[in-house]
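Asker: So the chains spell out like this:
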Amino acid sequence: MMDNIALGLSVAFSFEGLLYCTLGVVLGTFVGVLPGLGVMATLAILMPITFHLPTVHALIMLSGIYYGAAYGGSTASILLNLPGTANTAITCLDGYPMAQQGRAGVALMMTAVASFVGSLLGLLILATSAPLLAKIALNFGSPEYFTLMLLGLFAAGMLAQGSHVRSISSIFLGLLLGIVGTDISSGVQRFTFGQPELYTGLPLVAISLGLFGLPEVISNAGRSDNRPLEASAITLRSMLPAKEDVRRSIAPMLRGTGIGAFFGALPGTGSLIAAFASYVVEKKSHRTPEIFGKGAIEGITGPEAANNAATQTAFIPTLTLGVPGDAIMAMMLGVMLIHGVTPGPRLITEQPDLFWGLVVSFLIGNILLVILNIPLIGVWVRLLRIPYHMLFPAILVFICLGVYSVNYAVADLVLVMFFGVLGYAMTLLRLEPAPLILGLVLGPMLEDNLRRTLMIFRGDLWAIADRPLSLLFLASTLAIIIGSILGPRFRTLLRARQGMKQAP
Amino acid sequence: MTRMTKRRNKIDLICGVTVMLVGIYAASSGFKWDFGSFRRIGPGAFPAVVGAVLIGLGLMICILETGDHDAPPPGINLRGLLFVIAGLGSFAILIRPAGMVPAVFACVLLASLADPKFKLRDALGVCVVMSVLSVGIFIWGLGFQAKAFGAY
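Respectively, the protein sequence lines represent chains A and B. Under our numbering, think of the first position of the first sequence as 183, with each following residue one higher. Under our numbering, think of the first position of the second sequence as 6, with each following residue one higher.
Mixed in with the good hints, there may be bad ones.
Said to hold, decoys possible - Now the stretches of chain A that chain B is said to cover, found in silico as 3 or more residues with beta-carbon under 8 Å:
#, stretch
1, 345 to 359
2, 578 to 592
3, 633 to 640
As the list claims (entries may be wrong) - One side of the interface only, derived from the structure: several residues of chain B facing chain A at Cβ under 10 Å:
#, residue
4, Val54
5, Val109
6, Ala119
Hints in this document: simulated from the structure, not taken from any laboratory. Source: prediction; values computed, not measured. Backbone N, C-alpha and C define an ideal beta-carbon position, used for all residues, glycine too.
One chain only, chain A, in its complex shape:
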């Protein structure tokens, strides 16, 4: 254990390690603070640059953006009642009322503290449980992986916000796009339309830039600037919480961390659900639930701890099983695959520098984030005054340069255009583009494992009965599907019955 931490320290404390960690968390805070600029789009824009870096530095930077944004997102929620990232929407509920009562400073301080507590404990869970899980997963064969991936995909679709049928449709459209290219087992060209550029499959960079980058630019075109804010009002003195604030926050932070760590590690669920669950738990268990929505400190510290804990534990399934829990992790997995790293149970033992380097860099990143979010908060508050009409053309230029720098191929720019229009059309039809990435990245692995599974089973599907774990994953998948179809209907039925009883 000590050797591993020493190894991690040597990677993370190298000059480049510190540089890319700082760069990642600063950029993450930037996109987190600004409403209208999302994590997916930013990761997509920076993906091409990471091809010029060693794998570990690339991942240190991209992860920094991811967990940095989780910190920064609460700033706009509190000050403007606009979530900086989708995951911090819950923080608006009690953060904005606090700001209206003149307690914005305290709210900013306490969310930063809660984020730090949640992240740190989440990181601890990551460092201790990942090696254990990897040991178990060493015995996994293709049937286990196939059913686990199926579980992950359906869980992501069924537990997501909004319509389940549409999320699943988006995932399956992604699976279909993942087929494009040369079939690895037979050499048949599938959906390539005779274009040599497509023989190796659709490039992840062009698709993510098209699906997430361009719609973001389009929706920011014509966006009105944020209301001007008095940055000088947030002084360090005004941020100092009262003893009462700290006392009331301790239990919610710890509960939030637990909830967040659980939902983060589960495939398909993530920070948003974790934050929401934590809010509901705090409100339901509170002696005076009326204070929620009117500036209750428990309503921001619980969900913020949950949000950040989930961001850390989301790395567990991705790094140990190679099965990403959500779309952002799918993009990380895609980057690892492009760099020639196959995440899975052997990653921790065969590339300990990568795993432990990441873990230690997360620790450094979280300490940097506290510095960025408490003493330097004024800088970020001023950033909210950025003129959007000048920001979005600049982002478009970065998208063009980034995608062109990968292969110097105009064809990639055309693909970005195509997928930009597709992504925009999908949002108009209410199909979320994010689950598509999950399908796209997992598709080839899913097909490969299905083929191997059938070979192992000699074509006999009942052979799955000899594989208890696989059977469990399959049963869970079915349970999720049935539960989410029947769940809402059952609830309305129950409500209707109660209504009948109460009626005179």
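Could you slot chain B onto chain A? The hints should help.
Answerer: Chain B in isolation, oriented as in the chain A frame:
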């Protein structure tokens, strides 16, 4: 039935039918390639299964999803879409024959027009800053294979 719900239903129907059509296309392509056997599946099996599921999902959207949604249907920003795509396209056309600075200028100017409150002075400012940044970071810094001006 109000006009609003009618429009919603239309979006849902278009969505469901599109998903179904994509599914039919995928499944029929799957049948074109070798299906293989259960023991050793060929290149056609997976696309056919994915296509079949998509057809089912499209049907479900058509039947189950019409009607009540919490959020209003998203509005279309046609001006934004057209000018942003035009900006990207101009970059794609100009980067090889004309070089990075003209490509960046065209891209920024066209994309800025996506904003209804377009201000030429601000847009030109962004052009200059982005040109300097792109040439500095990408050509000098990262050894990008393009010239600031002219073909390569």
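Asker: Now tell me if each hint is right for this structure.
Answerer: Results for each hint:
Requiring three or more residues with a Cβ within less than 8 Å of a Cβ of chain B, the coverage given for the stretch 345 to 359 of chain A holds, as 9 such residues are present. Requiring three or more residues with a Cβ within less than 8 Å of a Cβ of chain B, the coverage given for the stretch 578 to 592 of chain A holds, as 9 such residues are present. Chain B is given as covering the stretch 633 to 640 of chain A, and this holds because 4 residues of the stretch bring a CB closer than 8 Å to a CB of that chain, at least three being needed. Nearest Cβ of chain A to the Cβ of Val54 (chain B): about 9 Å, under the 10 Å cut. The hint holds.
Using the Cβ-Cβ criterion of 10 Å, the hint placing Val109 (chain B) at the interface with chain A is satisfied: the shortest such distance is roughly 6 Å. Because the closest C-beta pair between Ala119 (chain B) and chain A is about 4 Å apart, less than 10 Å, the hint holds.
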